[in-house]
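Using the sequences and the hints given, assemble the complete structure.
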Amino acid sequence: MEKTIPTIPELCDHVKITENSKHNQLPDIVKKMLSGWSTKECFDHISPVCIPSQEKIIDIALQARRIIFPGYFTTTKLHASNIEYYIGKETMDLYELVCEQITMAIRHDCRRNRRLCTNCEQESAKLALQFMEKLPEITATLAQDIRATLAGDPATKSPDEVIFCYPGLLATLVYRLAHELFLLEVPFVPRIMTEYAHSQTGIDIHPGAQIAPGFFIDHGTGIVIGETTIIGENVRIYQGVTLGALSLPRDAGEKLRSTKRHPTIENDVIIYANTTILGGTTTIGEGSVIGGNSWIIESVEQGSKVFLKKPELIVHHANGQKTHL
Amino acid sequence: MEKTIPTIPELCDHVKITENSKHNQLPDIVKKMLSGWSTKECFDHISPVCIPSQEKIIDIALQARRIIFPGYFTTTKLHASNIEYYIGKETMDLYELVCEQITMAIRHDCRRNRRLCTNCEQESAKLALQFMEKLPEITATLAQDIRATLAGDPATKSPDEVIFCYPGLLATLVYRLAHELFLLEVPFVPRIMTEYAHSQTGIDIHPGAQIAPGFFIDHGTGIVIGETTIIGENVRIYQGVTLGALSLPRDAGEKLRSTKRHPTIENDVIIYANTTILGGTTTIGEGSVIGGNSWIIESVEQGSKVFLKKPELIVHHANGQKTHL
Amino acid sequence: MEKTIPTIPELCDHVKITENSKHNQLPDIVKKMLSGWSTKECFDHISPVCIPSQEKIIDIALQARRIIFPGYFTTTKLHASNIEYYIGKETMDLYELVCEQITMAIRHDCRRNRRLCTNCEQESAKLALQFMEKLPEITATLAQDIRATLAGDPATKSPDEVIFCYPGLLATLVYRLAHELFLLEVPFVPRIMTEYAHSQTGIDIHPGAQIAPGFFIDHGTGIVIGETTIIGENVRIYQGVTLGALSLPRDAGEKLRSTKRHPTIENDVIIYANTTILGGTTTIGEGSVIGGNSWIIESVEQGSKVFLKKPELIVHHANGQKTHL
Numbered sequence: 010m011e012k013t014i015p016t017i018p019e020l021c022d023h024v025k026i027t028e029n030s031k032h033n034q035l036p037d038i039v040k041k042m043l044s045g046w047s048t049k050e051c052f053d054h055i056s057p058v059c060i061p062s063q064e065k066i067i068d069i070a071l072q073a074r075r076i077i078f079p080g081y082f083t084t085t086k087l088h089a090s091n092i093e094y095y096i097g098k099e100t101m102d103l104y105e106l107v108c109e110q111i112t113m114a115i116r117h118d119c120r121r122n123r124r125l126c127t128n129c130e131q132e133s134a135k136l137a138l139q140f141m142e143k144l145p146e147i148t149a150t151l152a153q154d155i156r157a158t159l160a161g162d163p164a165t166k167s168p169d170e171v172i173f174c175y176p177g178l179l180a181t182l183v184y185r186l187a188h189e190l191f192l193l194e195v196p197f198v199p200r201i202m203t204e205y206a207h208s209q210t211g212i213d214i215h216p217g218a219q220i221a222p223g224f225f226i227d228h229g230t231g232i233v234i235g236e237t238t239i240i241g242e243n244v245r246i247y248q249g250v251t252l253g254a255l256s257l258p259r260d261a262g263e264k265l266r267s268t269k270r271h272p273t274i275e276n277d278v279i280i281y282a283n284t285t286i287l288g289g290t291t292t293i294g295e296g297s298v299i300g301g302n303s304w305i306i307e308s309v310e311q312g313s314k315v316f317l318k319k320p321e322l323i324v325h326h327a328n329g330q331k332t333h334l
Numbered sequence: 010m011e012k013t014i015p016t017i018p019e020l021c022d023h024v025k026i027t028e029n030s031k032h033n034q035l036p037d038i039v040k041k042m043l044s045g046w047s048t049k050e051c052f053d054h055i056s057p058v059c060i061p062s063q064e065k066i067i068d069i070a071l072q073a074r075r076i077i078f079p080g081y082f083t084t085t086k087l088h089a090s091n092i093e094y095y096i097g098k099e100t101m102d103l104y105e106l107v108c109e110q111i112t113m114a115i116r117h118d119c120r121r122n123r124r125l126c127t128n129c130e131q132e133s134a135k136l137a138l139q140f141m142e143k144l145p146e147i148t149a150t151l152a153q154d155i156r157a158t159l160a161g162d163p164a165t166k167s168p169d170e171v172i173f174c175y176p177g178l179l180a181t182l183v184y185r186l187a188h189e190l191f192l193l194e195v196p197f198v199p200r201i202m203t204e205y206a207h208s209q210t211g212i213d214i215h216p217g218a219q220i221a222p223g224f225f226i227d228h229g230t231g232i233v234i235g236e237t238t239i240i241g242e243n244v245r246i247y248q249g250v251t252l253g254a255l256s257l258p259r260d261a262g263e264k265l266r267s268t269k270r271h272p273t274i275e276n277d278v279i280i281y282a283n284t285t286i287l288g289g290t291t292t293i294g295e296g297s298v299i300g301g302n303s304w305i306i307e308s309v310e311q312g313s314k315v316f317l318k319k320p321e322l323i324v325h326h327a328n329g330q331k332t333h334l
Numbered sequence: 010m011e012k013t014i015p016t017i018p019e020l021c022d023h024v025k026i027t028e029n030s031k032h033n034q035l036p037d038i039v040k041k042m043l044s045g046w047s048t049k050e051c052f053d054h055i056s057p058v059c060i061p062s063q064e065k066i067i068d069i070a071l072q073a074r075r076i077i078f079p080g081y082f083t084t085t086k087l088h089a090s091n092i093e094y095y096i097g098k099e100t101m102d103l104y105e106l107v108c109e110q111i112t113m114a115i116r117h118d119c120r121r122n123r124r125l126c127t128n129c130e131q132e133s134a135k136l137a138l139q140f141m142e143k144l145p146e147i148t149a150t151l152a153q154d155i156r157a158t159l160a161g162d163p164a165t166k167s168p169d170e171v172i173f174c175y176p177g178l179l180a181t182l183v184y185r186l187a188h189e190l191f192l193l194e195v196p197f198v199p200r201i202m203t204e205y206a207h208s209q210t211g212i213d214i215h216p217g218a219q220i221a222p223g224f225f226i227d228h229g230t231g232i233v234i235g236e237t238t239i240i241g242e243n244v245r246i247y248q249g250v251t252l253g254a255l256s257l258p259r260d261a262g263e264k265l266r267s268t269k270r271h272p273t274i275e276n277d278v279i280i281y282a283n284t285t286i287l288g289g290t291t292t293i294g295e296g297s298v299i300g301g302n303s304w305i306i307e308s309v310e311q312g313s314k315v316f317l318k319k320p321e322l323i324v325h326h327a328n329g330q331k332t333h334l
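Line order of the protein sequences matches chains A, B and C.
So the first sequence is residues 10 to 334, counted in the working numbering.
So the second sequence is residues 10 to 334, counted in the working numbering.
So the third sequence is residues 10 to 334, counted in the working numbering.
Calculated from the structure, these hints are not laboratory results.
Please note that a few of the clues may not be correct.
Where chains are identical, the list cannot tell them apart; a pair therefore holds if satisfied intra-copy or between any two copies.
Here are the simulated lysine to any residue pairs, SDA-like style, with alpha carbons at most 25 Å apart [claimed, not checked]:
#, residue 1, residue 2
1, Lys86, Asp53
2, Lys135, Glu170
3, Lys98, Gln63
4, Lys65, Arg75
5, Lys31, Gly45
6, Lys269, Leu334
7, Lys41, Tyr81
8, Lys135, Cys59
9, Lys143, Ile239
10, Lys314, Asn122
11, Lys319, Cys126
12, Lys166, Thr150
13, Lys98, Ser44
14, Lys318, Glu275
15, Lys319, Ser44
What follows is the structure in structure tokens.
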């Protein structure tokens, strides 16, 4: 008896899929990928030394927020009898997390710069403690930021709303944490932390910036605050404001890394939406108000009000007339 | 026989870490944190009364989206025979979720304002039902928003693309839900909801704004629409547009909370990218087109086309010449 | 003996809640919702054919990132002995995921356009392989993007920082993946992928744009790059830049879908923050530098430096004087 082998059109769908599968061609792609590593065709981290974890660094920021604003971001009901246990545990956990990530960051940095042993575990225990010791001060500073927000925003109804959902407060909180780690010269971690806030809020504050208490960001999307910016007390900034550097030559990167490239904003300044202020020697004097859409590359003395000369608008009316606005 | 106690350098790494650990210094930090609470150094929610949950409020928005666009955001295959069961269950679940969060929001508000009992559970059952009753209308309005998007965007290929991934539609959907809760005077929940959309899309629409059907946001990042803005039918808005308030004195917060501070945009208006329109008495008349990068603080009559007078650009050519563009 | 039935005020809280519950009114709302489907009041996907999954499409992007930058986004320690196994497995998994989503996308498209069978499973196996074959090239291109970032940004300290947390790199990576799927004419998937990056970074790059290697986005929030934009090698772009289309008549959608509507940026161009460049015939010549806040709707020859004529600012000084800046 002859056995008939079915031709492909007679095979059931499942068999056809197998016949048409391209799995057997994948190993070639894998080999091609592998051949690129450790060449200039690729950046890789193939090493038994762990690298800091983006996810865990975000956890540090969120865990610190639970300690700084107790009762807001937890389902645990807090009251006088359990608060010390709760905060005690959260604080211990945060310390562990911070130690671990600082250790990894230092190790990874050592490997990259081929340094001798820096006793990373002892060092990170010390640095993590110094970071933890700053928490009460950060809490008090954020309380001032919240009061500034309540004073300045007619759409805010309560501090709870600010704490729960103001993107400006989230960005400021994460910046204040990251700034302490930046001052302790912890590699990687501060920048990964502020980029988390950037991705959540559209507000990009470099951890190196210096920002005094009473800082209020309204709306916030599109704000950029550069590494060497200095901001005084009770400053208010709206969406789309750039505090940036003047334009750089193409190969500027290396030379400029450590000079002051971004502006100084003194106490009690308000900067309205979409204004750009550039340059390391540009200072906005105390109590000044800078109108929206301005472009400022030189200093402004204290108590000034600066407004863009109303740009001319051309209006073509429905009746065919043309006027200026 | 003499027993030698090893000196630290001889200890194994693990023991050294323990010796160097700073854990014993953490309780001091905890005490310092605790001493700040209930003072002006800190905002806390230490109370046995639950506070609304940011996470659950986001769930309300996403659950409502599954009901409004059935079959798009679920792995359940929907067909004529199971659709009533599916939507029935989803609707019941949504109602529970809305009741629970409204109850918490009212309770928290009572506690904060030291009000007498407002029968929050009965009240929230009633408010949640009123919210649910709006869902069919919101669905029909969003259908108009989607048709407006398809008509206006040459890069859109199908309504599915709009529903799946247009940030403008997500922001509009969340706003339309939050606006109903705002009209019902539910505290906290509406704002937390729209700030979720803000964080996902960079589009910041206050739940108090009034926006008619046929609303189309293109790209959207950086858009700000203030609390007392009124927007007519079939309005189209591009990225970076601000519909805002004129600049406020520093202490304006309290007094201005209930006046109309943001503009009115009539039917069939188009506002191009990065334009700013400010002020509670500013009205953009029906059918007007406002060009990009404009700055408008007075009313424009219907049928106008407003464009910025081309700003002068200085061009330094490669050959050393300098011209104007 | 008479039995007393308790009046409502005497009932326990739980019973009162039941009495006050509005659950019995929900079925009416469900019926109203159901009656809207398949009418113009609603967009729904009620069909036994599965629709592509937003979540799985995001997984494709993240899985590809793990393969392109091995060791960065995993807790697995990679070394010479396990790297082939690790990448082999990740590559196989990615292929499965891509096949599955392409199949769903083609099927959904067929159903929508009422097409005959397109052998979607065979077709998607072929397309998925073509996508996978592009991975080594995408990896090499991204290595050039990273080097361009390091050369241009004085605040960057290492490639690791760029890979971990630069929003510009995430947006570029996702665009480069989505662009290959766009070229293969896969429906839905490319756009859903780039909108994920948009939501994470505020950077909106259409998958149809053509962007050569060495692309560096700094800060990035608010950037919009349209479907028919062409960008040459080593181009640098800052936050808020729009590469867009000139304004469209209201009903333009259909007619314009396939013409070049967005500008061409030649090699080695720098475009500073918040500049808008519009129009399908606008070309920025090789090596040009475009200053911030500019508005350009005509071509600029190679080697030009274009700056906005400093807009006039009015300064009201603290002493009552008024000057111009």
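Hint check results:
no.: 1; hint: Lys86 / Asp53; in the structure: between (45 Å within a copy, 12 Å between copies)
no.: 2; hint: Lys135 / Glu170; in the structure: between (36 Å within a copy, 24 Å between copies)
no.: 3; hint: Lys98 / Gln63; in the structure: both (23 Å within a copy, 23 Å between copies)
no.: 4; hint: Lys65 / Arg75; in the structure: both (15 Å within a copy, 17 Å between copies)
no.: 5; hint: Lys31 / Gly45; in the structure: within (23 Å within a copy, 44 Å between copies)
no.: 6; hint: Lys269 / Leu334; in the structure: between (41 Å within a copy, 23 Å between copies)
no.: 7; hint: Lys41 / Tyr81; in the structure: between (51 Å within a copy, 19 Å between copies)
no.: 8; hint: Lys135 / Cys59; in the structure: within (20 Å within a copy, 37 Å between copies)
no.: 9; hint: Lys143 / Ile239; in the structure: within (20 Å within a copy, 46 Å between copies)
no.: 10; hint: Lys314 / Asn122; in the structure: neither (49 Å within a copy, 38 Å between copies)
no.: 11; hint: Lys319 / Cys126; in the structure: neither (61 Å within a copy, 53 Å between copies)
no.: 12; hint: Lys166 / Thr150; in the structure: within (21 Å within a copy, 29 Å between copies)
no.: 13; hint: Lys98 / Ser44; in the structure: between (48 Å within a copy, 17 Å between copies)
no.: 14; hint: Lys318 / Glu275; in the structure: within (24 Å within a copy, 27 Å between copies)
no.: 15; hint: Lys319 / Ser44; in the structure: neither (60 Å within a copy, 52 Å between copies)
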